[in-house]
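Student: Now for the letters of each chain:
There are 2 protein chains.
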Amino acid sequence: MSASTVSLAKEEKVQVKGSGLLNSVEDQHGGVIINMEEPMDSLDFASLLEASLSQWKEQGKKGVWIKLPIEHSNLVASAVKVGFRYHHAEPHYLMLVYWIPDTPDTLPANASHRVGIGAFVMNTNREVLVVQESNGRFSGTGIWKLPTGAVNEGEDICTAAIREVKEETGIDTEFVEVLAFRQSHKAFFQKSDLLFLCMLQPHSLNIQRQASEIDAAQWMPIQDYAAQPFVQENELFDFLTKIWLSKLDGKYTGFSSLLTSTSSLKKSYLYFNNNDPSLLLSSKHYQP
Amino acid sequence: MSASTVSLAKEEKVQVKGSGLLNSVEDQHGGVIINMEEPMDSLDFASLLEASLSQWKEQGKKGVWIKLPIEHSNLVASAVKVGFRYHHAEPHYLMLVYWIPDTPDTLPANASHRVGIGAFVMNTNREVLVVQESNGRFSGTGIWKLPTGAVNEGEDICTAAIREVKEETGIDTEFVEVLAFRQSHKAFFQKSDLLFLCMLQPHSLNIQRQASEIDAAQWMPIQDYAAQPFVQENELFDFLTKIWLSKLDGKYTGFSSLLTSTSSLKKSYLYFNNNDPSLLLSSKHYQP
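As given, the protein sequences belong to chains A and B, one line each in that order. Counting along the first sequence from 1, when you hit position 287 you're at 287 in UniProt numbering, and nothing is skipped either side. Counting along the second sequence from 1, when you hit position 278 you're at 278 in UniProt numbering, and nothing is skipped either side.
Don't take each hint at face value.
[As the list claims (entries may be wrong)] Calculated pairs, BS3-like style, for lysine-lysine (alpha carbon to alpha carbon, straight line, at most 30 Å):
#1 B/K145 with B/K67
#2 A/K247 with B/K266
#3 B/K266 with A/K284
#4 A/K247 with B/K81
#5 A/K62 with A/K81
#6 A/K186 with B/K266
#7 A/K267 with A/K166
#8 B/K267 with A/K247
#9 B/K284 with A/K166
#10 B/K145 with A/K266
#11 A/K251 with A/K266
#12 A/K266 with A/K62
#13 A/K267 with B/K145
#14 A/K67 with B/K67
#15 B/K247 with A/K251
#16 A/K166 with B/K186
#17 A/K145 with B/K284
#18 B/K166 with A/K186
#19 A/K81 with B/K67
#20 A/K67 with A/K81
#21 A/K186 with A/K145
#22 B/K251 with B/K266
#23 A/K251 with B/K251
#24 B/K81 with B/K62
#25 B/K267 with A/K186
#26 B/K67 with B/K57
#27 B/K267 with B/K284
#28 B/K67 with B/K251
#29 B/K166 with A/K62
#30 B/K166 with B/K62
#31 A/K145 with B/K81
#32 B/K81 with B/K166
#33 B/K284 with A/K186
#34 B/K284 with B/K166
#35 A/K166 with A/K251
#36 B/K247 with A/K247
#37 A/K145 with B/K266
#38 A/K186 with B/K186
#39 B/K267 with A/K251
#40 B/K145 with A/K284
Treat the hints as calculated values from the structure; they're not laboratory data.
Just chain A, same shape as in the assembly:
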C-alpha cells in the first residue's frame, strides 16, 4: 500500500454535497481539505466558500486547504479575496491555505531545498571522469568539471548519481559513498540547495557523451584536474580534491547507503559511516 493510500484511508470523507457548502475532507490536524475537481463559476464558488468558512470557524477547525487544479484558475482570486494565501504550487495545481485560529499557524512549510549531486568517478589509472558542459556558467570556458545534476522528484540520491553519469557520459557505475555534502542558500528563486558529492565505481570505460548537454567528456589524470586554476582558486573545489586524494590513500570514509524501513514499512535510504564492522552486525533488523 502506498503512502498516499494510507494517508487517504485515514481521512474521513464529509458528505455535504447539495448543502450549500463545499465538499471537503477532514485532515489529521483539526483542519479540512477542499479538492476542487469539478469546474465552478467563480461567484458560486465565492459564496459557497464564505458559507463553508463560517461553519468551519464555528466548528473550531484550524487550517483550511484548497487544492485548485490549473484548469480552475478562475477560482484563485475568489479564494484570495476571503483571506486565503498561497502555500505551494506544482505545474498542474495551486495549493491555498487559510489559518482560522487567532494563534500563530502551525502549518507545514513549503519545500525549501533543491537537491543535486556531483559524481566522483575514478578508473584504476587514477583518472577521473570529467565533462565540459554546453550550457550554464561553465559553457565555453574550457573548464573540466565533474558530472553534476539535479535529483528528480521522488528519486534517491544514490540513484540520481548513477543516472546522471550514465546520461552525460554513457559510463555505467555503482554507488559507493556520499563523500561530503554542501548546503547553500539564496540560489535560484532564493531557495536553498543541497549538493551531495558521491563517489561511484565505474563498470565500463568507453565514454559516449550526451550530445545535447555535454561538449566533451574524458578520463583525466586527477593531478591535471586539480591543477586547473578554476579548482585551485575555489576554496570549496580545492578542498574537495583534497578529500578525494585522502580517500584514494585509504584515509577517508564517507557515508554508505542502507535501505531501511520505518514502522509504517515505508522504505528509505539512511546514509551513515560504515567503518565500524560491528555496527551492521549488531542490528537485529539488518539482513546481509
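Following the hints, put chain B in place on chain A, whose structure we already have.
Tutor: Relative to chain A, chain B alone:
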C-alpha cells in the same frame, strides 16, 4: 553584495513601457521575466501579454516567467488561458512560466525537499535529552523521542539543530557532527524529505520545556531510550541507537561542518569526515 543583487545586476532592463507590451527584464538563459508590481485590469493584462508573447516568439526567446504578487491574483486566469503553467508559489506570490521553443524545456525544477533535523544530545552520565511532543503522531503515546524540527528557510543545518534544542528544552548546545541522514519520499504533499541526525554537545543541563509544543522533557539513560518498544520495533530508530553507541565507544565518525566560500565569495557549509588530520592542514584555503 548579496546573491540577489549580483543576479539583478546581470539582468538587462528592457524599457517597453507605453509600447503596448509588458515591462520585462531579460534573464541569463535567453528568457524574460515579468514582475507584475502594479495592479492591472485582467482584460488589459491579457491583451498586453498576448502581444508581448508574439514579440518574444519572433525574437527567439525561450522561457517566459511571470511573478505575480498575491494582490494581483485577478491576473492568474489570464496567464493560464494563453498557456502559462504554475512553476512555484510562496505565501505572497505565484510564479508562472511558459516555454516558447518546440524543444523539451530546460527550466529549473521547483524545490523538491523539505529538510529537518533530529538532535542527539548526551550529558556526561550517558543520558540523552528526550521529549514528549504535544502535537503530531507521537502525541499522547508516552513515547520519549529526540528533539526534531524543520530547518527554516535560509537556515544552516547546524544552526537549526542548536535552535530546535534550545526552543524545545532550553538547553544550550554546540554542534558536533551530522551522524547520519535519511532521505524519504512522498511525505507531506508528496514532497521528499531529508532528515539530518546531528550530535550536539550540551553547555547547560537545566531543562525548561517549551510549554506550547512539548508535554515533557528529561535526561534519560540511553539504554532506557533504546529499550522503548517504539525504538526496538523500528528498523531505522533501532539502527540509529546502534550508531550512537558506536559513537560513544569512539568507533564512529560523522560529518563535521566547515565554512567555505566559492569563487563568488558566497559562504556555505561543507559537511565532511574530519578524521584525517592532514586533510585540513593540506588545504591552502583553510585558516585554523
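Student: Give a verdict on every hint.
Tutor: Taking the hints in turn, this is what the structure says about them:
1. B/K145 with B/K67: 42 Å, violated
2. A/K247 with B/K266: 27 Å, holds
3. B/K266 with A/K284: The hint is violated at about 45 Å.
4. A/K247 with B/K81: 55 Å, violated
5. A/K62 with A/K81: 19 Å, holds
6. A/K186 with B/K266: 10 Å, holds
7. A/K267 with A/K166: Holds, at roughly 25 Å.
8. B/K267 with A/K247: With Cα atoms ~25 Å apart, B/K267 and A/K247 stay inside 30 Å; holds.
9. B/K284 with A/K166: 34 Å, violated
10. B/K145 with A/K266: Cα-Cα ~19 Å, so holds.
11. A/K251 with A/K266: The hint is violated at about 35 Å.
12. A/K266 with A/K62: Given that 30 Å is the threshold and the Cα spacing comes to 28 Å, the pair holds.
13. A/K267 with B/K145: Within the cut-off at roughly 21 Å; holds.
14. A/K67 with B/K67: Holds. A/K67 to B/K67 sits at ~20 Å (cutoff 30 Å).
15. B/K247 with A/K251: 18 Å, holds
16. A/K166 with B/K186: 26 Å, holds
17. A/K145 with B/K284: 20 Å, holds
18. B/K166 with A/K186: Status holds; Cα separation ~26 Å.
19. A/K81 with B/K67: Holds - the C-alpha atoms of B/K67 and A/K81 are around 19 Å apart, at most 30 Å.
20. A/K67 with A/K81: 16 Å, holds
21. A/K186 with A/K145: Given pair A/K186, A/K145 holds - Cα atoms ~23 Å apart, limit 30 Å.
22. B/K251 with B/K266: At roughly 35 Å apart (the allowed maximum being 30 Å), B/K266 and B/K251 break the hint.
23. A/K251 with B/K251: 15 Å, holds
24. B/K81 with B/K62: Judged against 30 Å, a Cα distance of about 19 Å means the pair holds.
25. B/K267 with A/K186: 11 Å, holds
26. B/K67 with B/K57: Roughly 19 Å separates the two Cα atoms, so the pair holds.
27. B/K267 with B/K284: 17 Å, holds
28. B/K67 with B/K251: 52 Å, violated
29. B/K166 with A/K62: 27 Å, holds
30. B/K166 with B/K62: Violated, at about 48 Å.
31. A/K145 with B/K81: 42 Å, violated
32. B/K81 with B/K166: Roughly 49 Å separates the two Cα atoms, so the pair is violated.
33. B/K284 with A/K186: 27 Å, holds
34. B/K284 with B/K166: Not satisfied, since the Cα-Cα distance of roughly 36 Å exceeds 30 Å.
35. A/K166 with A/K251: Roughly 28 Å between the alpha carbons, so the hint for A/K166 and A/K251 holds.
36. B/K247 with A/K247: 21 Å, holds
37. A/K145 with B/K266: 19 Å, holds
38. A/K186 with B/K186: Since the Cα atoms of A/K186 and B/K186 sit roughly 25 Å apart, the hinted pair holds (cutoff 30 Å).
39. B/K267 with A/K251: The hint holds at about 27 Å.
40. B/K145 with A/K284: 20 Å, holds
Checked against the numbered hints listed earlier, the structure breaks hints 1, 3, 4, 9, 11, 22, 28, 30, 31, 32, 34; every other hint is satisfied.
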